[in-house]
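Participant: Please put together the full structure from these sequences, using the hints given.
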Amino acid sequence: MIPMRLKDNVTYLVGDKTTLSKPLVPYEESLCEFLYELSSTLFASKEAAAYPDIIAFAFWCRKANIAKLKADFGDRRTRLGLGLVFHITPSNVPVNFAFSFAFGLLSGNANIVRVPSKPFPQTDIICDTIDRLFSYDRFSEIKATTAFVRYEQNDEITSSFCANCNARIIWGGDVTIRNVRNIPMPVRGVEIVFSDRYSFCVIDSPSVIKLDETELNTLAERFYNDTYVMDQNACSSPHLIVWQGEEKELAKERFWMAVSRAVTEKYQLETLNAVDKYTLLCHNAIDIDDITSFKEHGNHLYRITIDSLPDNMDELRGNCGYFYEYDTDVISDIAHVINTRYQTMTYFGVDKTYLLDFVVKNRLTGIDRIVPVGNALDINVIWDGYDIVKSLSRIIDVK
Amino acid sequence: MSELTQHHYSHCPQYSKILDTLSFDPTIKHTLEDIPFIPVRLFKDYELLSVERSKIVKTMTSSGTTGQSVSKIFLDRLTAANQTRVLTRIASDFIGTKRLPMLIIDTSSVLRDRNLFSVRGAGILGFSMTGHDVTYALNEDMQLDFTEVEAFCNKHKDENILIFGFTFMIWEYFYKKLAKVGEQLALGNGILIHGGGWKKLNEQAVDNDTFKRMLNNVCGVKRVCNYYGMVEQTGSIFMECEAGYLHCSIFSDIIMRRTDFSVCGMHEAGLVQLMSLLPLSYPGHSILTEDAGEIVGEDDCSCGRLGKYFTIHGRIKNAEIRGCSDTYAS
Numbered sequence: 001m002i003p004m005r006l007k008d009n010v011t012y013l014v015g016d017k018t019t020l021s022k023p024l025v026p027y028e029e030s031l032c033e034f035l036y037e038l039s040s041t042l043f044a045s046k047e048a049a050a051y052p053d054i055i056a057f058a059f060w061c062r063k064a065n066i067a068k069l070k071a072d073f074g075d076r077r078t079r080l081g082l083g084l085v086f087h088i089t090p091s092n093v094p095v096n097f098a099f100s101f102a103f104g105l106l107s108g109n110a111n112i113v114r115v116p117s118k119p120f121p122q123t124d125i126i127c128d129t130i131d132r133l134f135s136y137d138r139f140s141e142i143k144a145t146t147a148f149v150r151y152e153q154n155d156e157i158t159s160s161f162c163a164n165c166n167a168r169i170i171w172g173g174d175v176t177i178r179n180v181r182n183i184p185m186p187v188r189g190v191e192i193v194f195s196d197r198y199s200f201c202v203i204d205s206p207s208v209i210k211l212d213e214t215e216l217n218t219l220a221e222r223f224y225n226d227t228y229v230m231d232q233n234a235c236s237s238p239h240l241i242v243w244q245g246e247e248k249e250l251a252k253e254r255f256w257m258a259v260s261r262a263v264t265e266k267y268q269l270e271t272l273n274a275v276d277k278y279t280l281l282c283h284n285a286i287d288i289d290d291i292t293s294f295k296e297h298g299n300h301l302y303r304i305t306i307d308s309l310p311d312n313m314d315e316l317r318g319n320c321g322y323f324y325e326y327d328t329d330v331i332s333d334i335a336h337v338i339n340t341r342y343q344t345m346t347y348f349g350v351d352k353t354y355l356l357d358f359v360v361k362n363r364l365t366g367i368d369r370i371v372p373v374g375n376a377l378d379i380n381v382i383w384d385g386y387d388i389v390k391s392l393s394r395i396i397d398v399k
Numbered sequence: 001m002s003e004l005t006q007h008h009y010s011h012c013p014q015y016s017k018i019l020d021t022l023s024f025d026p027t028i029k030h031t032l033e034d035i036p037f038i039p040v041r042l043f044k045d046y047e048l049l050s051v052e053r054s055k056i057v058k059t060m061t062s063s064g065t066t067g068q069s070v071s072k073i074f075l076d077r078l079t080a081a082n083q084t085r086v087l088t089r090i091a092s093d094f095i096g097t098k099r100l101p102m103l104i105i106d107t108s109s110v111l112r113d114r115n116l117f118s119v120r121g122a123g124i125l126g127f128s129m130t131g132h133d134v135t136y137a138l139n140e141d142m143q144l145d146f147t148e149v150e151a152f153c154n155k156h157k158d159e160n161i162l163i164f165g166f167t168f169m170i171w172e173y174f175y176k177k178l179a180k181v182g183e184q185l186a187l188g189n190g191i192l193i194h195g196g197g198w199k200k201l202n203e204q205a206v207d208n209d210t211f212k213r214m215l216n217n218v219c220g221v222k223r224v225c226n227y228y229g230m231v232e233q234t235g236s237i238f239m240e241c242e243a244g245y246l247h248c249s250i251f252s253d254i255i256m257r258r259t260d261f262s263v264c265g266m267h268e269a270g271l272v273q274l275m276s277l278l279p280l281s282y283p284g285h286s287i288l289t290e291d292a293g294e295i296v297g298e299d300d301c302s303c304g305r306l307g308k309y310f311t312i313h314g315r316i317k318n319a320e321i322r323g324c325s326d327t328y329a330s
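In the order they appear, the protein sequences are chains A and B.
Be aware that the first sequence starts at 1, since it is given in this note's numbering, and climbs by one per residue.
Be aware that the second sequence starts at 1, since it is given in this note's numbering, and climbs by one per residue.
Some hints could be false.
Claimed, not checked - Facing chain A, from chain B, some residues (calculated, C-beta under 7 Å): (1) Q14; (2) K17; (3) I18; (4) R41; (5) L42; (6) T259; (7) F261; (8) L271; (9) K317.
These are calculated hints, taken from the structure and not from any lab test.
Beta carbons are placed, not taken as given, at the ideal position from N, Cα and C, and that holds for glycine.
Facilitator: Right, here's the structure in full:
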């Protein structure tokens with residue numbers, strides 16, 4: 001229960017404070033149907049059309065994709081959701097809360113989702129749509145087990161939500177996570193944290209040189225989507241580009257020219273971000289001894305080549321088109337810098353089994369995703385090394 | 001400027017690393033526009049010196065509101081002396097060379113408290129060189145001392161008076177107080193010089209015109225002159241002329257830049273880069289601010305002064321909050 005005096009500090013965008021906790025079997029048909037309906041309603045919405053991130057979410061929860069996830073889940077054992085999941089979603093990514101909710105829902109749970117306190121139009125569009133779907137009788141079960149709340153960061157309110165939940169999902173920076181971890185939850189409570197991660201990209205030079213103009217532009221577009229679309233702020237956006245293979249300089253020249261063209265066409269760099277990038281460049285110039293070169297394609301694209309990867313490579317992060325580059329002939333060269341912070345390795349022209357081998361054979365503690373360039377931001381039920389649906393449900397063992 | 005660039009390149013290791021990274025060769029001649037600039041935030045993150053530390057006589061800090069990092073500017077004897085000299089020189093062009101009785105809208109404790117010695121202290125100290133019978137209008141609790149101020153006004157009622165203070169302080173503790181008690185001060189023959197930034201006043205929807213009008217209402221002051229400057233370039237300030245524009249002096253220059261850092265045309269709003277000939281002990285001769293502004297003209301201002309004249313539009317959006325004077329209230 002939220003303490004009386006704080007009641008007014010919590011806004012219920014969807015649902016109310018009587019969220020029922022009645023678990024279902026993961027991927028139960030009514031849950032899937034709700035997401036199909038949500039998908040098509042968002043696709044049909046004029047308001048939503050203006051936001052590519054809402055459309056991406058709608059695309060994710062379309063029938064074909066959910067059906068595929070359900071088929072892939074293929075667990076012969078009987079599972080039920082854990083009960084009630086409390087979600088603390090990230091303040092900097094507008095629609096992440098919707099994915100978090102969908103994961104909780106598909107795993108058969110009741111959900112209380114704390115949306116970002118920063119007002120994004122996306123939050124209202126999605127919450128309003130869900131609220132409208134809840135007027136249908138067939139979704140009354142889900143309605144009774146769902147709430148979206150907004151409140152300014154407040155440990156007492158968070159505590160009141162944590163006190164009764166069976167699981168909590170925390171998306172956020174290290175400080176947020178440490179802070180929430182201090183808040184107790186029931187002893188059987190499951191906690192999933194999605195902390196700050198670091199991501200990088202591996203590109204094979206000859207494969208870039210081989211591309212014709214159209215293919216090259218497609219690659220550049222895909223890279224653009226991984227990076228500039230979220231100003232490189234997403235955990236899975238690469239900051240470091242590792243080049244391998246012959247004729248690296250030629251490949252880089254081709255690749256970055258194409259990226260630069262895509263960026264010039266589509267990206268609006270804010271003046272403040274230009275100042276931030278230049279300031280970071282000055283910082284790097286002072287702090288990093290191994291800068292071999294700095295190249296800029298206008299202020300919208302900065303490239304720093306470094307000679308050797310420092311142990312704290314994962315602290316070197318650029319935003320809004322600021323990349324570190326490193327040349328190597330064998331990928332295992334970079335194994336020593338990989339730690340638990342590394343999340344996504346995007347690749348182009350490199351065999352994925354070779355990359356998987358790199359992770360397994362070197363017995364690395366980091367890298368949870370190996371995906372082609374262009375798919376960095378594709379969030380899914382398997383994320384940060386967890387199968388979220390499995391983690392949020394329990395097995396009923398029958399012998 | 002080229003000589004300064006070379007000087008800092010040879011004496012400030014961080015500065016030389018930046019220039020090397022930018023592939024800038026300081027040994028060859030460059031145009032003014034090509035000289036690299038240092039983002040002002042760097043003075044918060046590093047201690048940048050171009051002289052030996054033992055030569056430093058004064059460390060100036062920007063606003064010290066809690067939790068915010070402060071800029072640290074290291075002055076040797078020569079740089080500090082030049083700052084004062086140039087400040088006096090620039091001010092004299094607006095208030096004449098004769099020393100005027102001076103009323104400071106602040107508290108004298110700003111100078112006594114070493115911790116407060118910052119832009120505010122430096123400004124007060126610098127400007128008080130141009131005045132005599134320096135009187136502080138506020139007591140230690142930031143309350144307007146009516147007796148003291150009225151005595152000062154009576155004593156100098158037939159003279160020109162120099163009034164100096166920080167924009168926000170004047171508004172908050174001088175104007176608001178006078179307006180509230182409905183008291184009129186006889187400062188009709190005063191020249192008010194103020195600076196420190198408009199951020200807090202803009203939040204209260206007070207612009208330069210309103211400021212002038214309201215001040216005139218409470219104390220009759222007719223000449224109100226704003227100045228623009230950065231702690232990184234103390235001394236070579238930009239003064240507002242009779243026509244309402246800020247002016248470069250022979251010690252300074254300004255360039256507006258677009259988001260891609262190319263140089264803006266006349267009347268085109270851009271990011272403000274400031275240049276000053278004064279910084280010798282730290283590499284602050286060419287800095288990139290987080291303010292936006294536009295050049296209005298060059299050599300043809302109706303006030304008759306030569307050089308570039310411009311206006312400042314305020315901070316660029318979302319800029320890290322930089323206080324300009326260590327404002328008491330925040």
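Participant: For every hint, state whether the structure bears it out.
Facilitator: A quick look at each hint next to the structure:
no., hint, verdict
1, Q14, "holds (5 Å)"
2, K17, "holds (5 Å)"
3, I18, "holds (5 Å)"
4, R41, "holds (5 Å)"
5, L42, "holds (5 Å)"
6, T259, "holds (5 Å)"
7, F261, "holds (6 Å)"
8, L271, "holds (6 Å)"
9, K317, "holds (6 Å)"
Taken one by one, the earlier hints all hold for this structure without exception.
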